[in-house]
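Which chain is which? The protein sequence lines are A and B, in order. Residue numbering for the first sequence follows our numbering, beginning at 857 and increasing consecutively. Residue numbering for the second sequence follows our numbering, beginning at 1065 and increasing consecutively.
Please keep in mind that the hints were generated in silico from the structure rather than gathered at the bench. Careful: at least some of the hints might be erroneous.
As the list claims (entries may be wrong) - Derived BS3-like pairs: lysine-lysine, alpha-carbon spacing no greater than 30 angstroms straight-line: (1) 869(A) x 1120(B); (2) 1106(B) x 913(A); (3) 1175(B) x 1106(B); (4) 1163(B) x 913(A).
Only a predicted model underlies this, so the values are computations on that prediction, with no experimental measurement involved.
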Amino acid sequence: KAGVTQTPRYLIKTRGQQVTLSCSPISGHRSVSWYQQTPGQGLQFLFEYFSETQRNKGNFPGRFSGRQFSNSRSEMNVSTLELGDSALYLCASSLGQGEQFFGPGTRLTVL
Amino acid sequence: QKEVEQDPGPLSVPEGAIVSLNCTYSNSAFQYFMWYRQYSRKGPELLMYTYSSGNKEDGRFTAQVDKSSKYISLFIRDSQPSDSATYLCANLIKAAGNKLTFGGGTRVLVKP
Chain A
857 KAGVTQTPRY
867 LIKTRGQQVT
877 LSCSPISGHR
887 SVSWYQQTPG
897 QGLQFLFEYF
907 SETQRNKGNF
917 PGRFSGRQFS
927 NSRSEMNVST
937 LELGDSALYL
947 CASSLGQGEQ
957 FFGPGTRLTV
967 L
Chain B
1065 QKEVEQDPGP
1075 LSVPEGAIVS
1085 LNCTYSNSAF
1095 QYFMWYRQYS
1105 RKGPELLMYT
1115 YSSGNKEDGR
1125 FTAQVDKSSK
1135 YISLFIRDSQ
1145 PSDSATYLCA
1155 NLIKAAGNKL
1165 TFGGGTRVLV
1175 KP
């Protein structure tokens, strides 16, 4: 069974730009969660989508948004990028609730 | 104060030793407890998942949960150099969907 895939794996953007990251969950999984990982703050929850609906949201500004498609694939978007948005963005998939399996992440660098 | 706390380490042990990792939490609403292993520049890998107080064993790994003390442990027996990684505990509240609250992680070095 294929694992969680994320594209792109690496991304370099400049301040003020916007970026879209993609996540394909494990086949059959309906929940996709997004996390931001930085050396200073560790792993922080961004939001979760289940059956195309946002089920939960973390404490991030509105510049961070996401969506989920009918095939459970998910995208997250960050608008008006800031230097502090440089991080590893991870998505995790789950059948419903419980065990979550992470992808390899997208490393975003904002210059 | 963070909701989930871990000693950042590094924790250095010789090959073959038992690695003992700990995590404390402050929110008594946490119901599910997980341990993840993360190698440098990789995504976290789920090692253990439990929801009740007591012990759960899987191969060389044993997870221990004490809800009354809000204390979680992970033991790794017969440690190998390939166990060198950062270990993250993560907690979840059932009513919060799949929102995981992570500790900061403990870096482990297993020396040959």
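inquiry  = For each hint given before, does the structure comply? Return the numbers of the non-compliant ones in rising order.
reply    = Hint 1 alone not satisfied by this model.
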